Amino acid sequence: MAREQMAEDEPTVRPLDPIDRTILRLLQEDGRASIRSVAEQVHVSRANAYARINRLIEDGVIRGFTARVDHERAGHGASAYITLKIVQNSWRTVREKLVTLPGVVHIALVSGDFDVLLLVHTVDNRSLRELVLTRLQSIEEVLSSRTLLVFEETDLVVGD
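Residue numbers (the working numbering): 1363 to 1522.
Do not take every clue at face value.
[Unchecked claim] Have a look at the derived ranges for each label pair, beta carbon to beta carbon: (1) T1496 <-> R1430: 26 to 34 Å; (2) S1506 <-> A1409: 12 to 20 Å; (3) L1511 <-> Y1412: 37 to 45 Å; (4) F1476 <-> F1513: 42 to 50 Å; (5) E1492 <-> V1423: 18 to 26 Å; (6) Q1390 <-> A1470: 32 to 40 Å; (7) N1451 <-> V1431: 43 to 51 Å; (8) A1409 <-> L1511: 30 to 38 Å; (9) E1402 <-> T1455: 27 to 35 Å.
[Said to hold, decoys possible] Below, a list of computed lysine to aspartate or glutamate pairs in the EDC-like style, where the Cα atoms sit at most 20 Å apart: (10) K1459 <-> E1420; (11) K1447 <-> E1502; (12) K1447 <-> D1379; (13) K1447 <-> D1475.
No lab work stands behind these hints, which were simulated from the structure alone. This structure is a prediction, so every number in the text was calculated from the model and none was measured. Quick reminder that beta carbons are idealized off the backbone N, C-alpha and C, glycines included.
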C-alpha cells in the first residue's frame, strides 16, 4: 500500500523530444504566442502543435501561463531573498504559513546552510522590515533568518 501511495505522489516523467523543447522555449519567451505561430516555427501542423501543447499541459510540464512583471513599476520597490533555518521536520507546517504571507512569490526547500529560500517583493523597505521582523519571526518553527536585498534583477528565459 505504501509503495502504491508513493507511486501516485511521484510525477510521471515523459521524455520531451526536440520539438516539445522548442515549443516550451517559444512559450517561455511569449506565452501569448498563437498556435499558428508556434506550429510554423517548429515546422508542424497547427493540429500537431495544439495536441503537443495540450499534452504538455495535461502532463503538468506547462503549469500555466503568466505575465512577467516588472515589480518596481508595479509598486513593489523592495525585493529580497530570505533564507530561513527551521525546526527539523517542520517543512510542511512552515510552508503552509509562508504561502499566506504578503509579497512572497517563491518558496523553496533547499539543502545547505539554511533550509528554506524565499523570494519576496514588497512596496518598500518598511514593508520588508515588517515582513521579516514581525511576520516571519513570529512563526514558531523559524529558528533564524537572513535577508539579502536585491539591487537589480534580470529575467532570463530558460532555454533548452
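Each hint, compared with the structure:
1. T1496 <-> R1430: 26 to 34 Å: 30 Å, holds
2. S1506 <-> A1409: 12 to 20 Å: 55 Å, violated
3. L1511 <-> Y1412: 37 to 45 Å: The hint (37 to 45 Å, Cβ to Cβ) holds, given that L1511 and Y1412 are roughly 44 Å apart.
4. F1476 <-> F1513: 42 to 50 Å: 21 Å, violated
5. E1492 <-> V1423: 18 to 26 Å: Cβ of E1492 to Cβ of V1423: about 38 Å, so the range 18 to 26 Å is violated.
6. Q1390 <-> A1470: 32 to 40 Å: Check failed, 19 Å falls outside 32 to 40 Å.
7. N1451 <-> V1431: 43 to 51 Å: Violated, since N1451 and V1431 (Cβ atoms, about 35 Å apart) do not stay within the stated range.
8. A1409 <-> L1511: 30 to 38 Å: 49 Å, violated
9. E1402 <-> T1455: 27 to 35 Å: Taking Cβ atoms as reference, E1402 and T1455 lie about 49 Å apart, which means the hint is violated.
10. K1459 <-> E1420: Violated, at about 29 Å.
11. K1447 <-> E1502: The hint holds at about 11 Å.
12. K1447 <-> D1379: 40 Å, violated
13. K1447 <-> D1475: The hint holds at about 8 Å.
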